[in-house]
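> These are the residues of each chain, in order.
There are 2 protein chains.
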Amino acid sequence: MTRTLWLCLSVILGLGVLLAATDEAPDYPQYTGQNRLLPPQNYRDWIFLSSGLGMNYSAMAMGNDQFTNVFVPQWAYQAFLKSGKWPDKTMFVVEERGAQSKGSINKHGNFQTDLMGIGVEVKDESRFPEKWAYFNFDEDTKSSSANPKQACWQCHEDHAAVEHSFVQFYPTLKPVAKKFGTYKQSVEQVQP
Amino acid sequence: MTRTLWLCLSVILGLGVLLAATDEAPDYPQYTGQNRLLPPQNYRDWIFLSSGLGMNYSAMAMGNDQFTNVFVPQWAYQAFLKSGKWPDKTMFVVEERGAQSKGSINKHGNFQTDLMGIGVEVKDESRFPEKWAYFNFDEDTKSSSANPKQACWQCHEDHAAVEHSFVQFYPTLKPVAKKFGTYKQSVEQVQP
Numbered sequence: 328m329t330r331t332l333w334l335c336l337s338v339i340l341g342l343g344v345l346l347a348a349t350d351e352a353p354d355y356p357q358y359t360g361q362n363r364l365l366p367p368q369n370y371r372d373w374i375f376l377s378s379g380l381g382m383n384y385s386a387m388a389m390g391n392d393q394f395t396n397v398f399v400p401q402w403a404y405q406a407f408l409k410s411g412k413w414p415d416k417t418m419f420v421v422e423e424r425g426a427q428s429k430g431s432i433n434k435h436g437n438f439q440t441d442l443m444g445i446g447v448e449v450k451d452e453s454r455f456p457e458k459w460a461y462f463n464f465d466e467d468t469k470s471s472s473a474n475p476k477q478a479c480w481q482c483h484e485d486h487a488a489v490e491h492s493f494v495q496f497y498p499t500l501k502p503v504a505k506k507f508g509t510y511k512q513s514v515e516q517v518q519p
Numbered sequence: 328m329t330r331t332l333w334l335c336l337s338v339i340l341g342l343g344v345l346l347a348a349t350d351e352a353p354d355y356p357q358y359t360g361q362n363r364l365l366p367p368q369n370y371r372d373w374i375f376l377s378s379g380l381g382m383n384y385s386a387m388a389m390g391n392d393q394f395t396n397v398f399v400p401q402w403a404y405q406a407f408l409k410s411g412k413w414p415d416k417t418m419f420v421v422e423e424r425g426a427q428s429k430g431s432i433n434k435h436g437n438f439q440t441d442l443m444g445i446g447v448e449v450k451d452e453s454r455f456p457e458k459w460a461y462f463n464f465d466e467d468t469k470s471s472s473a474n475p476k477q478a479c480w481q482c483h484e485d486h487a488a489v490e491h492s493f494v495q496f497y498p499t500l501k502p503v504a505k506k507f508g509t510y511k512q513s514v515e516q517v518q519p
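Chains B and Y, in that order, are what the protein sequence lines are. Position one of the first sequence corresponds to residue 328 (my numbering), numbered consecutively onward. Position one of the second sequence corresponds to residue 328 (my numbering), numbered consecutively onward.
Bound conformation, chain B alone (with noise of 0.2 angstroms):
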């Protein structure tokens, strides 16, 4: 009897490990040395928070505008519905796409194209005495160091409605953090 129930639980702890091992290790963060990141592989599996389209905090628009999608992995995502606030080593990507207008059948507004690069988010309590980091990504890029401290971690120490992450601009996680009291109303007014 001992015997088969080791083999039970072997299958069981097996299964889990497996589980754990194909599912959640690419949702956490990944470096090579001196904390470069690594990109995420398979962002686009994980929870989408919102888009936009030309977003820009400057008075001075630039460029073309582009889509931004943000993502969240799920095991993040849970852990901030059950509390408002992200666990250590959550990640946001935030991909860069082109935006098209006429194309097959649409001739109004616009639609998705290709990927343009992208943004990634960490918080990483061990790693960064900041706590949040931020890394950038194109096709080519094989790891990132984080950038630095005025670039991108400043705006969101400032402007961000939860923690450092934007969550004014992410309309299903607003109640969220409104029924914790994480959220700070205040961002939400209009910066002149």
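Because the hints were derived from the structure by calculation, they are not lab data. Be a bit skeptical, because a hint or two may be false.
You can't tell identical chains apart in this list, so a pair holds if it fits in one copy or across any two.
In silico BS3-like links for lysine-lysine, alpha-carbon gap of 25 angstroms or less [said to hold, decoys possible]:
{"hint": "1", "residue 1": "Lys429", "residue 2": "Lys458"}
{"hint": "2", "residue 1": "Lys416", "residue 2": "Lys506"}
{"hint": "3", "residue 1": "Lys505", "residue 2": "Lys429"}
{"hint": "4", "residue 1": "Lys434", "residue 2": "Lys511"}
{"hint": "5", "residue 1": "Lys429", "residue 2": "Lys501"}
{"hint": "6", "residue 1": "Lys505", "residue 2": "Lys412"}
{"hint": "7", "residue 1": "Lys511", "residue 2": "Lys416"}
{"hint": "8", "residue 1": "Lys511", "residue 2": "Lys469"}
{"hint": "9", "residue 1": "Lys511", "residue 2": "Lys429"}
{"hint": "10", "residue 1": "Lys476", "residue 2": "Lys434"}
{"hint": "11", "residue 1": "Lys501", "residue 2": "Lys434"}
{"hint": "12", "residue 1": "Lys469", "residue 2": "Lys412"}
{"hint": "13", "residue 1": "Lys469", "residue 2": "Lys505"}
{"hint": "14", "residue 1": "Lys506", "residue 2": "Lys434"}
{"hint": "15", "residue 1": "Lys434", "residue 2": "Lys409"}
Keep in mind that this is a model prediction, so the values were computed, not measured.
Model the placement of chain Y on the given structure of chain B, informed by the hints.
The following block gives chain Y in isolation, referenced to the frame of chain B:
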């Protein structure tokens, strides 16, 4: 030993049933009598295919521009990646959301706001003689009967790149469909 073996098998089977009950059931179409579809509850946990802003297939643009986010269940998406085809019982949700330009620190372009309604496309060969059916829901809709054939079905029949799905507007699925030879290239031609 036999009793322990049965116990273990029951646990494994129970876990399987639990997973199926919690994860998969809501990702298949659910109906009341007379083929009235119930609104999918958890589509925001599905795979995001793409979004558009103000997309319109008519020569005349109408009303305010809205964002449209398209989602498909994980299981159907995985099947598509392996075959370039949509399995029976596939559902698509097109979510319509408001668009706002000035808000918080945003100064240009648009971000997403309130939910305006959802459209659902279902492939259900045993229920619908035309295989594909189309439904609309607003926040208060408890169940919905399929739209008349000329409303959506005919346009998808005539202009969709893969079966009844507009893969020409889903940039990550295009190369998959092309690889499996299920992509109708001719639909990319701009319609007069």
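> The structure should be examined with respect to each hint, and the outcome stated for every one.
Do the hints match the structure? See the list:
1. Lys429 x Lys458: Classified as neither: same-chain Cα gap 43 angstroms, cross-chain 30 angstroms, threshold 25 angstroms.
2. Lys416 x Lys506: Result: close within a single copy only, 23 angstroms intra versus 35 angstroms inter.
3. Lys505 x Lys429: between (40 angstroms within a copy, 21 angstroms between copies)
4. Lys434 x Lys511: Only across copies: Lys434 and Lys511 sit 19 angstroms apart there, 39 angstroms inside one copy, limit 25 angstroms.
5. Lys429 x Lys501: between (34 angstroms within a copy, 18 angstroms between copies)
6. Lys505 x Lys412: Answer is within; shortest intra-copy Cα gap is 11 angstroms, inter-copy 41 angstroms.
7. Lys511 x Lys416: Classified as within; 22 angstroms inside a copy, 42 angstroms across copies.
8. Lys511 x Lys469: Result: close neither inside a copy nor across copies, 36 angstroms intra and 34 angstroms inter.
9. Lys511 x Lys429: between (40 angstroms within a copy, 18 angstroms between copies)
10. Lys476 x Lys434: Between copies only: 23 angstroms across, 42 angstroms inside.
11. Lys501 x Lys434: between (33 angstroms within a copy, 20 angstroms between copies)
12. Lys469 x Lys412: neither (30 angstroms within a copy, 32 angstroms between copies)
13. Lys469 x Lys505: neither (38 angstroms within a copy, 27 angstroms between copies)
14. Lys506 x Lys434: neither (41 angstroms within a copy, 28 angstroms between copies)
15. Lys434 x Lys409: neither (42 angstroms within a copy, 32 angstroms between copies)
Going through the hint list in order, the structure does not satisfy hints 1, 8, 12, 13, 14, 15.
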